[in-house]
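Letter by letter, the chains look like this.
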Amino acid sequence: MKILNRFLALIIISSALISSPLTLASGGEDLSYKHTKEQILKAAEKAVNYTKEKYSNGEILFTGDFLQNAGSVVGDWYAIALNRLGFCDDYSAYLNALKDNVTERYKDEGRLSSQKATEWHRISLAVISCGGNPQDISGINLINDGVFNRGLDVPLDKQGINGCIWALITADSLNFAEPNNCSDTRENIIKKIISSQLSDGSFSVDGENPDTDITAMAVTSLSPYCKDNKTVSKSVNNALDYLQKAQNDNGGFSSTDGENCESTAQVLIALCSMGVAVDTDSRFIKNGNTIIDRLLSYQNADGGFCHIKDGESEQISTQQALCGLASYYRFLNKMKPLYDFSDLQVNQKSVDIKSLLSSASDIIEKSENTKSTAYLTAVNSLISSLKNESFENKEEIINTLSEVQSSCVNLQKQIDSLNKEIESLMPLDNVTLSQKDKIDSLFEKAESFSDYDKAKISCFEQLKKAHVKLLTQERTIIITVVFSVVLVLLLIFIFTNIKRIKNKKKNKMQELIKMYEDED
Amino acid sequence: MKKNIIAVFSVVLVVILLCFGLDIKSVDEYYLTHIDDIKPDSETVFLTITCHTVLDNYNQLDKRLQNEKYVPKDGVILKNTEYVLRKGDTAFDILNRAVRHNKIQMEYQGADKNSYNSVYIEGINYLYEYSCGPLSGWIFKVNGEIPNVGCSDYTLKNKDKIEFAYSCNLGKDL
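The listed protein sequences correspond, in order, to chains B and E. For the first sequence, the residue numbers in my numbering are 1 to 520. For the second sequence, the residue numbers in my numbering are 1 to 174.
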């Protein structure tokens with residue numbers, strides 16, 4: 001047991017010490033790589049510009065509507081990729097948005113996710129990339145909750161082996177210490193990963209069918225342990241053999257739905273983390289094509305990357321390609337592997353005070369015209385950025401922004417309660433007139449919201465339908481009643497007239513009779 | 001006199017009956033309230049929501065979900081139902097209308113937040129991805145085939161048969 005402990009300690013310490021990638025060729029500097037650092041950097045800048053343009057964000061990516069992506073697959077990988085490329089951006093704005101997202105989601109029973117531990121892992125890496133401390137997000141410890149003690153709640157591999165793979169990557173990102181009596185130690189996470197390896201060296205989602213992405217991620221996660229652990233290095237070598245065979249003739253990599261950008265990027269990250277010189281290592285050059293050649297071919301003219309060759313640019317492909325480019329850029333610069341944050345540096349570039357203030361007045365003006373929850377993320381980030389600045393009328397502006405903020409929160413509460421009420425009435429097929437007042441007031445409330453918020457109201461269409469249905473029912477009744485009353489009056493009038501005319505005639509006749517009688 | 005009164009009332013009665021038989025509404029209102037009514041000439045599709053595979057892997061199912069409320073005995077969450085197909089409807093649109101109408105719980109990731117630029121169904125009737133083993137989740141089929149696009153990218157045509165089925169093995173058990 002003691003020996004085991006010492007061995008374990010050695011693994012942990014060595015993992016902390018192994019800093020530089022295992023460079024293959026000692027004379028790496030002399031090798032003329034096919035792609036230069038500048039080329040890679042340029043491709044990465046173009047990709048980031050594509051996303052900035054998509055959000056019409058100008059020079060800064062982490063601002064405005066983009067911040068709504070904090071805590072999701074779409075946003076977090078950008079934070080990680082940009083940091084690892086050393087790009088300047090407003091990381092603190094993204095960090096604030098992440099904190100809001102995490103604290104909000106922790107109010108749910110399942111916290112970040114009832115099933116996926118990888119939610120904790122991705123968010124932790126994004127928090128680190130923004131210079132935050134994932135062990136203390138307003139008292140929340142993402143590392144313990146999502147890695148070492150996740151097993152107390154839900155097994156790490158509930159979602160498959162990638163839960164373990166990313167747990168290990170996250171644990172080693174800043175060499176976090178294992179808490180006492182934790183449910184998963186590094187040692188047993190590594191064991192779980194290795195024991196899931198298939199006989200051909202690959203790793204898989206289902207335990208049967210080899211999967212390129214998972215194999216690449218497994219290699220990335222195990223890479224820091226190769227040097228000192230023979231079992232690990234043997235397993236990783238087998239995986240590399242598998243990847244070597246799996247590479248397509250064009251240099252790219254395929255997943256179950258064919259060759260794609262993300263799988264190719266994942267393998268690139270894995271190879272770089274192992275220090276494989278992908279541009280010169282003959283094992284990974286097919287027909288003269290390298291993995292970099294192929295990855296760059298997924299970049300469209302607009303700067304974005306596509307999922308399947310010649311497709312449209314999209315967010316996930318672009319950010320995964322960026323992570324791939326970052327890992328290769330770091331390799332070329334002899335920096336630490338992509339997920340080793342021990343050299344962490346955050347190149348914070350805040351949005352300048354002028355544009356902050358102009359977007360503040362912009363939002364204040366907009367919110368005076370239309371109330372909407374759409375401003376919430378932007379207002380949150382504006383408040384936290386402006387707090388640390390000094391400018392004229394600071395108190396007044398921040399107070400106004402806080403008012404907008406609380407009105408957004410209030411509006412969201414109204415939407416939530418409205419949704420609950422509507423859902424309790426579903427299905428609104430057989431509404432009766434007795435429910436009219438209720439339906440009308442709900443509909444009126446729903447109608448008063450902005451279009452952005454109307455989309456958040458569940459069953460708005462059904463509500464409108466029920467409202468119109470009752471409206472026409474009521475109209476029918478009114479028309480019927482009015483019509484009947486008019487008819488009754490008309491008939492009475494006609495009858496009385498007929499009577500009068502009859503009486504008149506009768507009288508006349510009688511008069512005539514009388515006249516004749518008199519004559520006689 | 002009596003005759004007259006009876007005549008008046010019978011006429012009024014006929015008028016009331018006529019008016020209630022009539023539906024007095026504008027064209028827009030008519031269109032809105034009857035959009036989902038199935039008429040002989042309307043284009044329709046069929047939707048089923050099932051979770052048969054969970055019954056075969058009940059021991060793998062999350063303990064909290066081992067309840068008939070979440071997993072019906074026959075594995076059918078929504079029996080085959082016909083819905084009017086509106087122009088441009090995707091598989092997701094039909095599912096969304098159906099679950100709301102039938103008060104079935106559903107959670108999804110929006111079109112802007114996942115890799116295929118498509119809506120991703122996380123859970124229906126509280127059955128989520130990974131609720132029944134690491135390979136479990138929702139899969140949709142159209143006319144028996146699993147399309148290679150997301151459900152919000154699949155535009156339906158007349159008489160398509162859509163099935164949202166819970167799989168415990170990446171769709172291989174369906």
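If you're looking for bench data, these hints aren't it; they were derived computationally from the structure. We put the CB at the ideal spot given by N, CA and C, even for glycine. Hints may be right or wrong, so weigh each one.
What the hints assert, rightly or not - Residues on chain B that point at chain E, a partial pick, calculated with CB under 7 Å:
(1) Lys158
(2) Ile479
(3) Lys514
(4) Tyr516
Claimed, not checked - In silico contact screen, one side only, chain B against chain E (beta carbon under 8 Å); selected entries:
(5) Gln115
(6) Lys116
(7) Pro210
(8) Tyr242
(9) Ala246
(10) Leu425
(11) Asn430
(12) Thr432
(13) Thr472
(14) Glu474
(15) Arg475
Among all the numbered hints in the text so far, which are the ones the structure does not match?
Of the numbered hints, 3, 4, 7, 8, 9, 10, 11, 12 and 14 do not hold.
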